[in-house]
Amino acid sequence: MKLKEDSVVITFTSTTDAMAAELFFNKKALRGRLIPVPTSITAGCGMAWKAPAEDRDELLTALRREGLRYDKDYRMLL
Amino acid sequence: MFKIIRSQQKQDEMLLAALTKRVMMDASVLMVRVIIKSNSYNRESLVYLFMIVLYERSQTMIQVNAMGDACPLPVVKTKNALESLTSADIIETLVDNDVAVQNLLRFAKNRGLVAKQKTLGENAFAVVIEVPASSFEESAPEGEKDAIEEYLSCSPLVCEDKPKKVVVVIASDRMGSGDDALGETLMKSFVYALTQQDRLPDTILTYNGGVKLACEGSPALNDLKEMKSRGVTIFSCGTCLNFYDLSDKLGVGESTNMYEIVAMMLEADRIVKP
Numbered sequence: 251m252k253l254k255e256d257s258v259v260i261t262f263t264s265t266t267d268a269m270a271a272e273l274f275f276n277k278k279a280l281r282g283r284l285i286p287v288p289t290s291i292t293a294g295c296g297m298a299w300k301a302p303a304e305d306r307d308e309l310l311t312a313l314r315r316e317g318l319r320y321d322k323d324y325r326m327l328l
Numbered sequence: 044m045f046k047i048i049r050s051q052q053k054q055d056e057m058l059l060a061a062l063t064k065r066v067m068m069d070a071s072v073l074m075v076r077v078i079i080k081s082n083s084y085n086r087e088s089l090v091y092l093f094m095i096v097l098y099e100r101s102q103t104m105i106q107v108n109a110m111g112d113a114c115p116l117p118v119v120k121t122k123n124a125l126e127s128l129t130s131a132d133i134i135e136t137l138v139d140n141d142v143a144v145q146n147l148l149r150f151a152k153n154r155g156l157v158a159k160q161k162t163l164g165e166n167a168f169a170v171v172i173e174v175p176a177s178s179f180e181e182s183a184p185e186g187e188k189d190a191i192e193e194y195l196s197c198s199p200l201v202c203e204d205k206p207k208k209v210v211v212v213i214a215s216d217r218m219g220s221g222d223d224a225l226g227e228t229l230m231k232s233f234v235y236a237l238t239q240q241d242r243l244p245d246t247i248l249t250y251n252g253g254v255k256l257a258c259e260g261s262p263a264l265n266d267l268k269e270m271k272s273r274g275v276t277i278f279s280c281g282t283c284l285n286f287y288d289l290s291d292k293l294g295v296g297e298s299t300n301m302y303e304i305v306a307m308m309l310e311a312d313r314i315v316k317p
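Line order of the protein sequences matches chains A and B. End of the first sequence sits at 328 in our numbering; the numbers just go up one at a time, nothing left out. End of the second sequence sits at 317 in our numbering; the numbers just go up one at a time, nothing left out.
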């Protein structure tokens with residue numbers, strides 16, 4: 251079975267914002283990947299950024315500095 | 044194997060047969076194999092074994108030249124050669140690319156035949172398929188007859204092993220049509236979501252733009268590798284890899300041809316196509 255990791259999941263208010271964040275994170279070589287929002291967060295659809303939990307502050311700060319919007323962040327085993 | 048040596052006359056026949064056929068090239072390889080297999084051997088038994096192996100090998104070998112042939116011709120030619128056989132034989136197919144080698148090995152495996160590959164040089168390979176003696180051959184050694192019966196009785200079991208076969212077909216590096224960037228995001232997320240399922244598909248097939256997902260540099264490569272490690276077989280269309288100049292970039296699974304793609308899709312109980 252797949253090993254679950256302590257992760258931070260950052261959600262966005264729109265798919266466009268999520269894809270913009272992915273481009274930005276990849277450009278900055280920050281860790282993580284775009285995933286479909288886990289159903290444990292919402293039954294709705296959308297994309298979220300999943301990364302190791304310890305990267306949370308770095309990622310959120312980078313988003314704010316760049317002026318990129320995000321919705322919420324969650325910590326979970328994923 | 045020892046049982047088939049019954050008399051001096053038989054041995055002489057074997058020796059004669061071995062020497063008059065064109066199998067000597069394989070002799071050294073077989074010799075080594077014989078030495079490895081017999082933990083405690085004496086010179087006499089070694090010579091007997093060697094002769095037996097040579098004798099078995101001495102049945103006419105058919106050579107199929109598929110050098111320069113486009114996929115799927117090497118498999119077609121080999122299949123024709125195989126079907127023209129009336130007794131135990133060895134088919135050696137010469138090809139000039141690795142995709143053809145993989146296709147031939149899988150072709151043989153699907154038929155329950157033993158196949159080996161040999162690299163003859165740059166862009167020159169040989170696939171040797173051993174076809175065991177068939178039951179109508181009265182002089183077939185007992186051991187080989189047993190092996191054939193075992194094979195025959197095994198084959199239906201193989202089919203019953205996986206009653207519900209799910210094949211996921213990835214025909215593009217994008218999911219749906221509309222916006223290309225969104226399509227790529229969706230396809231990546233499809234593959235990720237696939238890894239999160241309790242029940243994984245049996246097979247993932249990629250073709251056309253879909254082969255890019257299975258190649259180095261693909262954002263979905265790690266997900267595909269993980270699924271492969273969990274038992275999913277992954278095949279990518281060799282023609283497509285060649286078309287996109289990605290033949291040496293395949294990062295997971297194996298390349299395949301249209302016959303196998305068609306066969307896998309026909310044999311599937313369910314096809315999932317994002």
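Derived from the structure by calculation, the hints contain no laboratory data. Don't be surprised by glycine CBs; every beta carbon is placed ideally from N, CA and C. Possibly wrong hints are sitting among the right ones.
Below, a list of computed lysine-lysine pairs in the PhoX-like style, where the Cα atoms sit at most 25 Å apart [as the list claims (entries may be wrong)]:
hint : chain 1 : residue 1 : chain 2 : residue 2
1    : B       : 271       : A       : 254
2    : B       : 292       : A       : 277
3    : A       : 254       : B       : 268
4    : B       : 292       : B       : 159
5    : B       : 159       : B       : 207
6    : A       : 278       : A       : 322
7    : B       : 207       : B       : 292
8    : B       : 207       : B       : 316
9    : B       : 120       : B       : 208
Over the 10 Å line for every Cβ pair with chain A, so calculated as not near, a few chain B residues [what the hints assert, rightly or not]:
hint : residue
10   : 157
11   : 232
12   : 316
Original post:
Does residue 268 (chain B) lie within 25 Å of residue 254 (chain A) when you go C-alpha to C-alpha?
Top reply: holds (17 Å)
Original post:
CA of residue 292 (chain B) to CA of residue 159 (chain B), is that 25 Å or under?
Top reply: Holds. Residue 292 (chain B) to residue 159 (chain B) sits at ~24 Å (cutoff 25 Å).
Subject >> Check on residue 157 (chain B) being off the interface with chain A, judged by Cβ distance over 10 Å >> reply: Given a closest Cβ separation of 35 Å, the condition holds.
Original post:
Is the Cα-Cα distance between residue 207 (chain B) and residue 292 (chain B) 25 Å or less?
Top reply: violated (32 Å)
**OP:** Sort out whether residue 207 (chain B) lies within 25 Å of residue 159 (chain B), counting only the CA atoms.
**Re:** Judged against 25 Å, a Cα distance of about 31 Å means the pair is violated.
Original post:
Regarding the assertion that residue 316 (chain B) does not contact chain A, is the least Cβ-Cβ distance greater than 10 Å?
Top reply: holds (18 Å)
Original post:
Does the structure keep residue 292 (chain B) and residue 277 (chain A) at a Cα separation of 25 Å or less?
Top reply: holds (23 Å)
Subject >> 25 Å Cα cutoff - pair residue 207 (chain B), residue 316 (chain B) >> reply: holds (17 Å)
Original post:
Is the hinted pair residue 278 (chain A) and residue 322 (chain A) satisfied, with a Cα-Cα distance of at most 25 Å?
Top reply: holds (21 Å)
Subject >> Restraint status (C-alpha distance of residue 271 (chain B) to residue 254 (chain A) at most 25 Å) >> reply: This hinted pair holds, its Cα atoms lying about 18 Å apart.
Original post:
Can we confirm that no CB of chain A comes within 10 Å of the CB of residue 232 (chain B)?
Top reply: violated (5 Å)
Subject >> 25 Å limit on alpha-carbon distance, applied to hinted pair residue 120 (chain B) and residue 208 (chain B) >> reply: violated (29 Å)
In this structure, the earlier hints numbered 5, 7, 9 and 11 are contradicted, and the remaining ones agree with it.
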